[in-house]
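Listed in order, the protein sequences are those of chains A and B. Residue numbering for the first sequence is 1 to 499, as defined by this note's numbering. Residue numbering for the second sequence is 1001 to 1646, as defined by this note's numbering.
Each hint should be verified, as a subset may be incorrect.
[Stated by the list, open to error] Below, a sample of chain A positions facing chain B; criterion: calculated Cβ distance under 10 Å:
| # | residue |
| --- | --- |
| 1 | S173 |
| 2 | G174 |
| 3 | S290 |
| 4 | L392 |
| 5 | D394 |
| 6 | T476 |
| 7 | Q480 |
| 8 | D483 |
Hint data in this document are derived by calculation from the structure and do not stem from the laboratory. Keep in mind it's a predicted model, so treat the numbers as computed, not measured. A virtual CB, placed ideally from N, CA and C, is assigned to each residue, including glycine.
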Amino acid sequence: LTALTGYMNANRYIPNATPCRRTRREFLWEVGGGFAGLALIDLLSREGFFTRTANAEQPAASSVPYLLSPKQPHFAAKAKHAVFLFMNGAPSHIDTFDYKPTLTRFNGTPYKGDAAVGSNGRPIGHLMQTPFAFQKHGQSGLEISSLFPHTARFADDLCVIKSLYTDTAAHASGCLQMNTGTVQIGKPSLGAWLSYGLGTLSESLPSFVVMTDPRGGPISSASNWSAGFMPAAFQGTLFRSQGMPLLDLATPAGVGPRSQRQSLDLLARLNSEHLAARPGNSELAARIQSYELAYRMQTSAADTVDVNREDAKTRAMYGLDNKLTADFGRKCLITRRLLEKGVRFIQLYSGGGHLEDTWDGHTNCIANHKLHAGETDQPIAALIADLKRTGLWDETLLIWGGEFGRTPTSEGVGKPGRDHNPHGFSMWLAGAGVKGGQAIGATDEIGFKAVEERSHVSDLHATILHLMGLDHKRLTYFHQGLDQRLTGVRGNVIEAVLT
Amino acid sequence: LAAYERVIKPEHRKHWAFQRVQRPAIPPVKNRSWTRNPIDAFVLAKLEGRGWQPAPAAEPRAILRRVYLDLVGIPPTRAEQNAFLANPTPKALDQVIDRLLASPSYGERWARHWLDLVRFAETNGYERDAEKPSVWRYRDYVIRAFNDDKPYDRFILEQLAGDELPDATPETMIATGFCRLGPWDDEPADPKEDRFDQLDDMVSTTSLAFLGLTLGCARCHNHKFEPLSQLDYYRMVAVFNPLQRPQPGRADIDLPAIPPAARSRQLRTTAIWLARLGASPASAFGAFALSVQPRFDPAPRGYFLLESPPGPPATHILLRGKATRPGAEVGPGVPTVLVSAQPTFPRPEPYSSLRRLALARWIASPENPLTARVIVNRVWQFHFGEGLVRTSSDFGVMGEPPTHPELLDWLADWFVREGWSIKKLHRLILSSNTWRMNKVWNPSYGAIDPDNRLLWRVHYRRLDVEAIRDSVLAITDRLNHRMYGPSMYPEVPKEALEGHSDPDKIWKPFDEKDASRRTVYAFVKRSMVVPMLEVLDLCDTTRSSAKRTTTTVAPQALTLFNGDFINRQSGNLADRLLHEAGNDLKKQVERAYLLALCRPPSATEAAAMKQFLTSGRRGRTTTAERSALQEMCRVILNLNEFVYSD
């Protein structure tokens, strides 16, 4: 074609260094190239496409390569799926996984260090010890507070990173940074990058599912699971844990199942006649197929959230029979069911809306954390146990944490709240490819700042991508003149995490 | 600074897009009868060079539907169809085009393309995602600008420097809302960095939208691929740096759209008047007089930034783009590679630095190598689906070169000579035989040129979501034609608000009549894009967007097959059919096809529909008949043919 247009001569066409050409091709409809429409119709008919493909779980053999086709990772990796247990509002590392005896010693004394305290002009109190008892757990002796008795059973599986830091002390920008790599809105989220890099393993469900808290979504809501400048197909799909999980999933009121199917058959028939007269336009075939996928999704997605299909013992294990744990438990159980169906990335939010409805314990961090840990601990432990039972553990990465940590000082003298702390906080990873039973890095003696083996959020992202078989420097998307990356110009894999 | 200048080498200036536009000669062609205007000659010459033929002209019904969807975003009514089809000549189509360009719907359709480019939205994003008050007046300004065929050079001046123009008016003040449309964090993690994020938003959008340059990449280091340095970037930052929000703090306010020159004259008058009364402006009475003054202004309120005394602040290059690491001070300027000498930036006036005016005049000048090329390419892209340069916001060395460079330059030159008139450009493009070709796939050409770079047919592409939604409303006869004013709130399922941190406060109750206005009037909330618009590929609302992506995914099918909007409208269409065609099934089907697809059904289609409507299980009660008809309408509104025009 170079010769053809007579314009793409060597000077103007920069050969290598043209990521745009590569990525553009991926995002333009690739179906255009190889598929003559008539051949496709033939193929679709052979696969019984027009006579109603029944099995919801079987990937359509007729599938046209599309944006979400499964792709090879950059290198072999154990993890095929990831689950991000997002503790929205920022849990206190000092009260959960980062034990600080020194803080007990200086309890009630003024803070004399140089870290910026007092987000948004909030009052600054004195150093405040944790009221929760820490114990060593498992063979590894990992220290975990009494907030997580259930999760502690799996101490030898957890890899706690105690030395994380982030760029912001505000929830909106903190959540954005944790989810999209920067504090600005409009960037693709981790799940979008994974969908882009790896495609989906499920033909009947979205590749990236998000489940929020019944009290509300995180601040900046959908920006946290956005596809940013990538095609919308990569964005997270909000799944409701009760009722119909997806928007417009239900057959419309007044239309019976038989009528729905008849209408779809009529549509498919008219569309295939239309396509037959317009060979070469394979996007038309893809659109025909999308209606059949949607139809399968109607069954498949609804089945997935139907936790009544699980036995009573399993439901009890996830805490579904307890009001406190029922919601997060249901989400964790649905998570296992989604993983079984091949969903690539699932993000669960604990806490939603504002302040005490999230882990944002400004007023009373103790009561706040008792509540939110109480809601999530048993379900998370059940998820771990269940993944181990089903074997999914070996191919699933779990990520636990929030957007930053909390201060070792109280918010106001003598008050039980803690303020935001971006200088040091803890998260844990577990599952496929993760070396469990260890803590990496450390904060200072009172838990204010990460000081040893410090890891920026971009390092965490680089590590997560690595565990999923992706090199964060090679996972790029060309947009507005730049090879964009989740990690921007930062990011180093935290090697100690890896098995 | 000289070191930065040296980054730009003489060979960089040789890039095609950085050359002055020269009008190329119209190439000779063999098949002269095919060329209706010079566009055809350029396209045909390339095809003939391969020994290829252009695709035949599209069928009259197809071209009529295409021209309506292209120019006004809704299909022709039956009367409009009949009028054209009675005598479907090329000349008659010219007249249809003239009529559509004169209709107010044209601006409503084409303004949306511009709104994509300028990252238009009505909220700030981030935690509170607060509303940008009065920002809808900017949207109305754009609609009017298209309808009035405001010359494009003037359009540029008004948006970049409407406050600094010697003939500034409230309208041009509202146009400068362009600079304030971006996301804004009212509780930034780092206020200093945030300030530069704001400036980056203005610099990046300006260079992408008007110049087709990815200058934003030079914020932290010289551009890795383009001959653009950090100096180029921070000179542009210096142009916008004097702009300030009207007041500090979290609250976001609009202002009376009074040009600052006029305002300062007015303030002077008030001061003189106060002096005559013997009151000092600093006195309580003086302060009162100054404070109440805006109330007497009849000017509408607008959402824009202003420059404020004491003159432009110093701008520094930021090392590695960090606000904490200022380097050398820089003045205003434009990218070095594009000019032999920097344009003159005049002395600041007391009310404004006039830097943006100087920038805007340089952009809007016939000598600028990019401006005209970029806009004619955009108009081409919105008509054809692909531009002559396919990376329509990237004309740099990393962008794709034009498929028809001579045609692009000819159009750019012609456009400027014809007074920067977008409507004239539409007429030229739409009257070409090139645009009137059919979209039929040619296997032998397709094997060699699958991307249709030689334009051997017209690209096949799905309608954008606005055209889909507006067409549905037009067909059911429920389209509310009320123009302008505050936005409407399309119906959003309650469940869609669930993921939001304030689910009860963010959306207004559904008012069907108001929500049946054209989609360009739908409220654009950054943290909650209307699900139907989002799933059908509305652009990113935070950054300049050159082209909609077209995805084809199952959730779109769920929305269009199961969603409330289509099901409600299917019912409305069924009612219309019953009203207009009575109980005559044949007539109902025919009417539905004519309305939705602009053609009668084939015999097979008519038979299939009849069978569908009468299949035994459905019964023959009135209710059953209507619901069968509604089902048929739902199928028709979901047809590929409905969303892909021929």
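Verification of the hints:
| no. | hint | in the structure |
| --- | --- | --- |
| 1 | S173 | holds, 5 Å |
| 2 | G174 | holds, 8 Å |
| 3 | S290 | holds, 5 Å |
| 4 | L392 | violated, 24 Å |
| 5 | D394 | violated, 29 Å |
| 6 | T476 | violated, 12 Å |
| 7 | Q480 | holds, 5 Å |
| 8 | D483 | holds, 8 Å |
Hints 4, 5 and 6 from the earlier list are contradicted by this structure; the remaining hints agree with it.
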